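Asks: If you want the building blocks of each chain, they are given just below.
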Amino acid sequence: MSTVLEKSKSISGRFSSFRPSPRLVRGVDLAGQWAAPIMCVVVLIIAAIFAPAFYLPTNLKTVLIQIAVLGVVAVGQTMVLLVRSIDLSVSAVLALGAVIVVQTQAGNSLWLAFIEAFAVAALVGLANGFLITKRQVPPFIATFGMLVFVQGARLAYTKGQASGTVPQILRTISFQEVGPVPAALIVWIIINIVFIVVLRYTRFGRWIYAVGGNPSAARYAGIRVDAVIMIVHMICSMLAMLGGLLLSGYIGYVDLRMGADYNTNSIAATVVGGTTFTGGRGNLFGTAAGVAILVLLLNLVVVLGLPIHWQLAMQGLVLVFATALQGFRLFLLNR
Amino acid sequence: MAVAQTSTSSSAAHRSRKLIAFLRNNASLLLIYGLILVVGVYAATQAENFRTISNMANILRQTILLGMIAIGQSVVILTGGIDFSVAMIARVVALTVATIFAAQNSNPALIVPLILLGLVVGVALGSVNGLLITRTHANPFIITFGMANILRGVSLAIATTPIRGIPREYLRIYDTKIGIIPVNVIVMALIWIAAWIFLNRSRLGRAVYAVGGSERVARLSAIRVNRTLMAAYMFSAFCASVAGLFILSRSGVGDPITAEGMDFQSVVAVALGGISLYGGRGSLWGTLGGVLLLVMMSNVFNLLQVNIYVQQLFLGLIVLIAVAAYKSPRSAT
Numbered sequence: 002m003s004t005v006l007e008k009s010k011s012i013s014g015r016f017s018s019f020r021p022s023p024r025l026v027r028g029v030d031l032a033g034q035w036a037a038p039i040m041c042v043v044v045l046i047i048a049a050i051f052a053p054a055f056y057l058p059t060n061l062k063t064v065l066i067q068i069a070v071l072g073v074v075a076v077g078q079t080m081v082l083l084v085r086s087i088d089l090s091v092s093a094v095l096a097l098g099a100v101i102v103v104q105t106q107a108g109n110s111l112w113l114a115f116i117e118a119f120a121v122a123a124l125v126g127l128a129n130g131f132l133i134t135k136r137q138v139p140p141f142i143a144t145f146g147m148l149v150f151v152q153g154a155r156l157a158y159t160k161g162q163a164s165g166t167v168p169q170i171l172r173t174i175s176f177q178e179v180g181p182v183p184a185a186l187i188v189w190i191i192i193n194i195v196f197i198v199v200l201r202y203t204r205f206g207r208w209i210y211a212v213g214g215n216p217s218a219a220r221y222a223g224i225r226v227d228a229v230i231m232i233v234h235m236i237c238s239m240l241a242m243l244g245g246l247l248l249s250g251y252i253g254y255v256d257l258r259m260g261a262d263y264n265t266n267s268i269a270a271t272v273v274g275g276t277t278f279t280g281g282r283g284n285l286f287g288t289a290a291g292v293a294i295l296v297l298l299l300n301l302v303v304v305l306g307l308p309i310h311w312q313l314a315m316q317g318l319v320l321v322f323a324t325a326l327q328g329f330r331l332f333l334l335n336r
Numbered sequence: 008m009a010v011a012q013t014s015t016s017s018s019a020a021h022r023s024r025k026l027i028a029f030l031r032n033n034a035s036l037l038l039i040y041g042l043i044l045v046v047g048v049y050a051a052t053q054a055e056n057f058r059t060i061s062n063m064a065n066i067l068r069q070t071i072l073l074g075m076i077a078i079g080q081s082v083v084i085l086t087g088g089i090d091f092s093v094a095m096i097a098r099v100v101a102l103t104v105a106t107i108f109a110a111q112n113s114n115p116a117l118i119v120p121l122i123l124l125g126l127v128v129g130v131a132l133g134s135v136n137g138l139l140i141t142r143t144h145a146n147p148f149i150i151t152f153g154m155a156n157i158l159r160g161v162s163l164a165i166a167t168t169p170i171r172g173i174p175r176e177y178l179r180i181y182d183t184k185i186g187i188i189p190v191n192v193i194v195m196a197l198i199w200i201a202a203w204i205f206l207n208r209s210r211l212g213r214a215v216y217a218v219g220g221s222e223r224v225a226r227l228s229a230i231r232v233n234r235t236l237m238a239a240y241m242f243s244a245f246c247a248s249v250a251g252l253f254i255l256s257r258s259g260v261g262d263p264i265t266a267e268g269m270d271f272q273s274v275v276a277v278a279l280g281g282i283s284l285y286g287g288r289g290s291l292w293g294t295l296g297g298v299l300l301l302v303m304m305s306n307v308f309n310l311l312q313v314n315i316y317v318q319q320l321f322l323g324l325i326v327l328i329a330v331a332a333y334k335s336p337r338s339a340t
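Chains as they are written, first to last, in the numbering used here: chain A, 2 to 336; chain B, 8 to 340.
Incorrect hints may appear among the rest.
What the hints assert, rightly or not - Quick list of simulated restraints, FRET-style, between CB atoms:
1) L113(A) with Y49(B): 38 to 46 Å
2) T279(A) with A109(B): 41 to 49 Å
3) V119(B) with T279(A): 43 to 51 Å
Worth flagging that the hints you see were computed from the coordinates, not collected in a lab.
These numbers come from a predicted model, not from an experiment.
We put the CB at the ideal spot given by N, CA and C, even for glycine.
Can you make the complete structure from the sequences, with help from the hints?
Replies: Structural data, given as structure tokens:
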């Protein structure tokens, strides 16, 4: 017995020359969890020194609304990542929502348009969930295919030119100031509270963590894994739709490229906030901080007057850095 | 006599069993080439222009650029990873070379060094992908996706308008023929053959399949997983940079939207060709068929004057059906 143990040890010793010290493991773990809030503070200080224009009230309002829109989408993305999936179709759903509401409101009841939009979103989420659970398509391929499909559907439907005005109620829930903050921020806070409660204190929330942590164990424990994944995907798509409505209310019109970078951004924000790709680890507080840091960085690019393409590079850098950090953290934790 | 009869009948049974086994093992290949045939025949009857020689040549030409990228993508996907940065690597390589040409007054003496430089830049970017993925054990899809974002920003920093000033000699590379075969076909064929030999006849190639089958088992079997992954990502980036150089030679200007959408198309072609997106299963023959089918369909759509947005709708639909049709060998648990 002991020889077997020794042997296996020697094999693992031979093929993994790298032995992390406990201190390194702790450090990387803490960094993975606290990177976003710490970086937030750092960026705010840097902004105060190098770009005082950042603290102008108009800019702050823009930042808050952007945080709210991305935040709502990222809540859904976090839940999807928690069950070991990913959703790359959020940007398409987000743009689709705005189009549906803007185009159908003429002559129809506004509420009908809303119901229609959210039903379409739920359908997209259901289709994602179906492909991932029942057909076992890798999540990023299934949702990326869905992204192309939904984009094509939207463009075929609008024939490439979206028109129409954004309903007043969307302007209100997005842009109206309630006290010192825009209404969108309050929507974001409400969504956050709801889903923090769901994740922490309800049976469904425990199921999500269980499914993400270990799907087969969850299945043996009697959890309907496939149903949980499907519902989470539906929630994510519907939150993306809500994000789209907030965004269209904020920018006031609908165009073809609307929301194109919300895939990268929502995933980057979620991962910076400490949620891992292997599921079961992460929470919405982290995501909120991740959203804040990302929006701050993107806004700083504008305030500092840098060319706008540095925003793209910034998104990619944050995504790669966060993914690498989380991957390394998990690798260390699982040893 | 009776003995002879049974032996012939058993050999016939043996042969039919062999045929069935062949059909089963190559179901996805037969499916894809059958589909190509069906689409081809349909197009030939529906669209007059499809039958012309020039259109056939056009299809082949498009197949070659996407095909180069898809070969590299196949190797990466066989390892169980994915490379979403291929299109942006092609773009950055093309724009880098174009910028230097423009800065040096389109000096034709620089052609060979700049081609080499482009390949080096591409492979270096691929090795960054590989290093990030192997050293941090992060999700390859997200790493390359993020890398694509960074490179998109970089390419916009290099140029936002088409770069002029590519020497005429460089532009001629694309149309050069050796005998009757265009040089781009030869390069693509060489890459394909090299990849085939690499995958099927070399130890590293077998390691690619092993890593794709199960990274853990491969590691325990003393296969150098990290080295294999690095090689795969660098090869994919190499293929992408070759494609980028050819695209530059074809378009004649350093186009800031070089290779747009080719990342996804290459993944689709590979998936259509029956290579499992979970890694470890599939062959390069399938990739060739997948690329051909994809290019042919977009060609047919164009000839039938289908709206470009409806084309995108169909593309998404095809992907969803293709990936849903091939069920993963492993159960989800």
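Asks: Taking the hints in turn, state whether each one holds.
Replies: Hint by hint, here is what the structure shows:
1. L113(A) with Y49(B): 38 to 46 Å: 41 Å, holds
2. T279(A) with A109(B): 41 to 49 Å: For A109(B) against T279(A), whose Cβ atoms are near 46 Å apart, the range 41 to 49 Å holds.
3. V119(B) with T279(A): 43 to 51 Å: 46 Å, holds
Checked against the numbered hints above, the structure violates none of them.
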